[in-house]
Amino acid sequence: MKGTFILIMMLGAPIRADVISMNNGDRISGDVVKITEDRISIKPIYSAKIDIASKDVAAMETDSHFKLELKSGERGEYQFSGADDIGRAILTGESSDIAVSLADIREVVEEDKRLNWDGKVSFAQTLSRGNTNSQVANLNGSFQLRLDNHRTLFDISAIREEKESDRIKELDRLNVSYNWLYNDAWFFAINLTAERNPVALLDHRTSVNPSIGYDVWDESTRTLSMQLGAGYQEEQIVNATGTSSLIDWRLRYKQGFRDGVFELFHNHQIHQNLQGRENLVFNSVTGLRYDITDDIYLNIQLRYDIDSEPVRGTDNEDLTFLFGAGIDL
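Going by the numbering used here, the residue at position 78 of the sequence shown is 78; the numbering climbs one at a time, nothing skipped.
None of these hints come from the bench; they were simulated from the model.
Do not take every clue at face value.
As the list claims (entries may be wrong) - Straight-line alpha carbon distances no greater than 30 Å define the calculated DSS-like cross-link-like pairs of lysine-lysine that follow:
no.	residue 1	residue 2
1	K120	K34
2	K67	K120
3	K120	K169
4	K254	K34
5	K49	K254
6	K71	K55
7	K120	K43
8	K67	K55
9	K55	K43
10	K43	K67
11	K254	K43
12	K49	K71
13	K49	K120
14	K71	K43
15	K34	K55
16	K67	K49
17	K34	K67
18	K34	K71
19	K120	K254
20	K34	K49
Use the sequences and the hints to build the structure in full.
In C-alpha cells:
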C-alpha cells in the first residue's frame with residue numbers, strides 16, 4: 001500500500017524541464033544547454049540534442065539559472081521566464097527582471113558541475129609520384145576536459161615525411177595544460193610539453209612550467225587565451241643531455257563563422273632558454289576547418305616551427321602545409 005502511494009505521487013509530480021515555444025506554435029521540452037545570439041541548443045527528454053535558430057523562437061522558460069553575457073559587456077545569472085509583449089526575452093535575476101532581445105545576448109551557459117569533454121581528431125596525407133616520389137602524413141588531435149572551474153587541454157601531433165624513400169621528417173609532440181580558473185577570466189596553469197625529432201637530432205625535449213593566463217574569450221563560438229610563465233626544460237641532442245630554465249609564452253585562438261560552418265584557429269608557443277644553448281623556440285599551427293556534417297570536417301593547416309640555434313647540419317625553420325579531414329568526438 002505504501003509503495004502504491006509513493007508510485008502514485010511520483011506519477012503525479014511534474015517533470016522539471018525547460019520549454020521553448022516556437023513561432024509556429026510548436027513547443028519543445030527538455031534541457032536547454034547553450035544559447036548564443038543565433039542558436040539555442042536543447043536536449044529533449046527522449047531524443048538527442050538539437051539546435052534551433054533563435055529567429056524561430058517566440059519564448060523560452062527555464063528551470064535553471066544561466067551565466068549570461070550581453071554584447072554590452074553586462075554579466076549576471078538569470079532564469080528565462082518567457083517573453084514580453086514585443087517578443088523580448090524576460091530574464092529573472094535575484095533582485096530584478098530585465099527584458100532583452102536574444103540577439104543582444106553574446107552567450108549563455110548553464111551552470112554545470114558535471115565533467116564535460118570534447119575533442120577533434122584529424123588526419124592528412126599528401127603523395128607525389130613521378131620525377132620526385134614523396135609523401136607526408138600527419139595525425140593530430142586536441143581534447144578538452146572541464147569540471148566547474150578546472151579544465152585540462154591535450155594537444156598531440158605526429159608528422160612523417162619521406163622523399164625518395166628517405167625519412168626527412170619524424171616529429172612527435174605532446175602538450176598538456178591544466179588550468180584553474182580562479183577569478184573570472186584569470187587562471188593559473190601547469191604546462192607539460194614533450195617532443196622528439198630524430199631527423200633533427202633531437203632525441204627528446206621535455207619541459208614543465210607554471211604560468212598565469214587570461215581568457216579574453218571563453219565561449220563555444222570563439223576562444224582567445226594567453227599564458228605567460230617560466231619553468232624547467234631538459235633535452236637530449238646527439239646523446240648529450242642539457243637542462244635549462246626558460247620563459248614561456250602561449251596563445252590559443254579559435255573562432256567560428258557562418259553559424260559555425262567555418263572555424264579559424266591558431267595556436268603557438270614561444271619559449272626562450274636562459275641557460276645552455278639559450279635558443280629561442282617557436283612552434284605554431286594555423287588553419288581553417290569546414291564542417292561537412294555535424295561530426296566530420298575538412299581541415300587545412302600550416303605548421304611553422306623555428307629554432308634559433310639548431311643542431312649543426314640541420315635547418316632552423318620547418319614549414320609544413322597539410323590538407324585532410326577530421327571528426328568531432
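Right, here's what the structure says about each hint:
A threshold of 30 Å between alpha carbons decides the hint, and for K120 with K34 the separation of about 20 Å falls inside it, so the pair holds. Pair hint K67 plus K120 holds up; C-alpha atoms about 26 Å apart against a cutoff of 30 Å. A hinted pair counts as satisfied when its Cα atoms are at most 30 Å apart, and K120 with K169 qualifies at roughly 24 Å. Restraint check: the Cα-Cα separation between K254 and K34 comes to about 18 Å, which is no more than 30 Å; the hinted pair holds.
Simply put, K49 and K254 have alpha-carbon atoms about 23 Å apart, close enough for the 30 Å limit, and the pair holds. Taking the CA atoms of K71 and K55, the gap is about 17 Å. The hint holds against a cut of 30 Å. About 22 Å separates the Cα atoms of K120 and K43, which keeps this hinted pair within 30 Å; it holds. Taking the CA atoms of K67 and K55, the gap is about 21 Å. The hint holds against a cut of 30 Å.
A distance of roughly 19 Å separates the Cα atoms of K55 and K43; the hinted pair therefore holds under the 30 Å criterion. Between K43 and K67 the alpha-carbon distance is near 18 Å, which keeps this suggested pair within the 30 Å criterion. Restraint check for K254 and K43: the C-alpha separation of about 25 Å stays at or below 30 Å, so the hint holds. Restraint check for K49 and K71: satisfied, since their Cα atoms lie roughly 26 Å apart, inside the 30 Å limit.
With a CA separation close to 19 Å, the supplied pair K49 and K120 stays within the 30 Å bound. Between K71 and K43 the alpha-carbon distance is near 26 Å, which keeps this suggested pair within the 30 Å criterion. For the hint pairing K34 with K55, the CA-to-CA distance comes to about 15 Å; that is within 30 Å, so the pair holds. At roughly 20 Å between alpha-carbon atoms, K67 and K49 fall within 30 Å of each other, so this suggested pair holds.
Using a Cα cut-off of 30 Å, the hinted pair K34 and K67 holds, with the two alpha carbons roughly 10 Å apart. Note on K34 and K71: the hinted pairing holds, with a Cα-Cα distance of about 16 Å set against a maximum of 30 Å. Our distance criterion of 30 Å between C-alpha atoms is met by K120 and K254, whose separation comes to about 13 Å. Between K34 and K49 the CA atoms are separated by roughly 11 Å; this keeps the pair inside 30 Å, and the hint holds.
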